[in-house]
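A.B. asks: Take a look at the letters that make up each chain.
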Amino acid sequence: MHADLDAFYASVEQRDNPRLRGKAMAVGGGVILAASYEARARGVRTAMNSREARRLCPDLIFVDPRIDAYTEASRQVFAIFDNTTPLVEPISVDEAFLDVSGLRRITGTPTYIATQLREQVRAQVGLNISVGVARTKFLAKVASGACKPDGLLVVEPAGELNFLHPLPVRALWGVGAKTSAKLAEKGITTVGEVAGIDLQTLCSLTGKAAGHKLHALAHNRDQRQVVTGKRRSSVGSQRALGSRTRTFEELEAILLGLVDGVSRRLRDGNRVGRTVTLRFRFGDFTRDTRSHTLPDATASTAVVLDAARVLLRQRRDEIESRKLTLLGLTIGNLCSADAVQQSLPFDQRASPQLDSAIDALRDRFGTDSLGRATLLGKSTGPAVPLLPDPGVQAP
Amino acid sequence: MKFRCERADLEKVLGTAGRAVTTRGGALPVLAGIHLELAGDQLQATGTDLDLTITVTAVVGGEEDGTAVLPSKLANDIVRAVPPGKIEVTIEGDEAHISAARSEFSLRVIPADEFPRMAEPPESAVQLDGAAFRDALKQVVKAASSDDSRPILTGVLMAAEGDGLRLVSTDSYRLSVRDLPGTSVLTGDESVLVPSRSLSELSKVLDGDDALTLRLGERDAAFESGDVRVSTRLIEGDFPNYRGLIPDSQPNKLVVNRAELLEAVRRVRLLAQEATPVRMMMKSGGLELVAVTQDVGQAHEAIDATYDGEELTVAFNPEYLLDGLEVTSGDEISLETVDALKPAVLRSSDNPDFLYLLMPVRVS
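Chains as they are written, first to last, in the working numbering: chain A, 1 to 395; chain B, 396 to 759.
Misleading hints may appear alongside valid ones.
As the list claims (entries may be wrong) - Keeping only pairs whose Cα atoms sit at most 20 Å apart, straight-line, the calculated EDC-like set for lysine to aspartate or glutamate is:
| # | chain 1 | residue 1 | chain 2 | residue 2 |
| --- | --- | --- | --- | --- |
| 1 | B | K737 | A | D338 |
| 2 | B | K648 | B | D726 |
| 3 | B | K648 | B | E727 |
| 4 | B | K481 | B | D558 |
| 5 | B | K737 | A | E160 |
| 6 | A | K213 | A | E160 |
What the hints assert, rightly or not - To give an idea of the interface, some chain B residues facing chain A are shown, with a C-beta separation under 8 Å as derived from the structure:
| # | residue |
| --- | --- |
| 7 | F500 |
| 8 | T565 |
| 9 | L570 |
| 10 | A670 |
| 11 | M754 |
Claimed, not checked - To list a few chain B residues with every Cβ distance to chain A over 12 Å, as calculated:
| # | residue |
| --- | --- |
| 12 | P479 |
| 13 | S541 |
| 14 | S595 |
| 15 | R628 |
| 16 | E658 |
| 17 | A735 |
It is worth saying that the hints were derived from the structure and are not from the lab.
The beta-carbon is built from N, C-alpha and C at its ideal position, and this holds for glycine as well.
Here chain A stands alone, though its shape is the one from the complex (with noise of 0.2 Å):
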């Protein structure tokens, strides 16, 4: 089954604040990281700039993110998951899937695991979460969108062509806006009717490898497991920034906080990454990621740094001319810190025992006890944990 928090961020927000409740209100500043269903109902979207989403409803409530309230809420609810199952595959801090098939006889009938844990989590965390069960991954990921808000939905064997095949070509994984509008000029709108055409000539519409995704979706074949165990394999976060133009200096400070916090998870998680990659987006909407490799994986806040320095540097005329509006750090490659390639200590900054020294410090003080001094009197605002940190769950 998959389970998906509604709203995260927004239903945390009119959780902890009875005024927000039944209010259209949406999380962030410049940028909508977040809305309630009272606010999507009003056509207001997640990443949509604020003035956009004013004019599409002028009373909307704005409220700063608070982002260790949602690593609360999302370890809380993670714990719940591994409560439930030992097979649980995290695909973000408010989602993931569970698989649940063996526990018939323990605990029982997927159908009766899924309304416990919702109601756990409506008891525990206090959050709304909809979970569609089925047989595939996919199946289980679609229905759980198409009971959103707080909903249940089974699809039982039987009747998984019915719900799959009237779904638009959108619901199938990897179907962009791209592909749907090349399978559109074919009349094809429908799962059903992607299912309808044969594979090559399928192929022949969206390349050979999207082909056969598509066309074993369409019929149903997805023989994908629920992983567990599979360590997370990259570790980020990223940083919306609003409507106003930034300096390329504050990128790089806004750069360092991104990197300081990163490197700190993975030193939390004892774990090691050797690559480095930077996502953008840019005024007009468009994303481009640039990512470079390290020869070896670290978890020093010195050497990701200069990595994500280069990277940055080497884009600086287009983020200066196509104004960037979001900036992203995420570490992958990940293995484990059990065998550490040790380094010469000619570079006193990359010091393992200074990065040590200040973790050990925040730990007792608090993330804030002790900070760049390129950071100092700037806010960074709040950088948006991508994943549940390793070690977070349960062994």
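Given chain A, put chain B in place with the hints provided.
C.D. replies: Below, chain B without anything else, positioned relative to chain A:
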């Protein structure tokens, strides 16, 4: 422009100059080309990525002087593909014609006026022993970093050391130091930082025992050997202070046959997957190598060795260890250690001119 020559000669000229041609689609399309200049019977071919420039001269049967820029990869592929024997190259307007035996190719040339003008090589010249220098390059280029986010470490330091020349490179995980006594290129505390990529290409194009001329300038350096000149930009910046990292003496010393250790590490490495290290367990009876990859398996091998010191296990990245063992000369090597976390020093037992310092992998 028009000339004839043996296919093999042209293959060598284009192949050598082509080594400097950038493979990445850079901003300047002309850099994907090789610049040819014919004056009389002298053909000069130049490839560059602006940091590294390789120029080769050859004597050909010239018929008509001229200059042209040919697409490097395509020209190389054609010349390699045609049968051995005479080859004729003619450039007319914006087309080059290459004919050999019964094959005829014509390809569009790149406008020659877009090719960057190359600076004249620096005046001052010193002679180096080509064979010894090439040998030294092979020992140091591998330890230099390939990570462009740390530009200083992508260079090889060339510095005066006593009456000789010292080459130093490090990627911060290992450090190579090679001395060339009696080679006075620099004096006092002079030093330059040469991109390791340039030196790696240089070691590949250097011919046997040819004498080598080094011309050092403020911002660039040129190496000349036979018909080939390799020019390179120098890296600006301060190389890390490496001297303090090399211990004078260390308490534990392992002496072992180099070829035996090399072979054993290559075998054991098969089970050092997913960035797991190879452990060297050193005790007075000898040396044992162990590699364990969780859920895969393990490898173990015992090797005869003399060990003087406390019983100790140190883990290394097998690739880094192999790199060091491969470039250390002689039949017998020594590995000196302090503990499982401090740098280990690899030396040849009979040649004091090279050392390879290697940081261990910390295992928990």
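A.B. asks: What hints, given by number in increasing order, does this structure fail?
C.D. replies: Of the numbered hints, 4, 5, 7, 13 and 17 do not hold.
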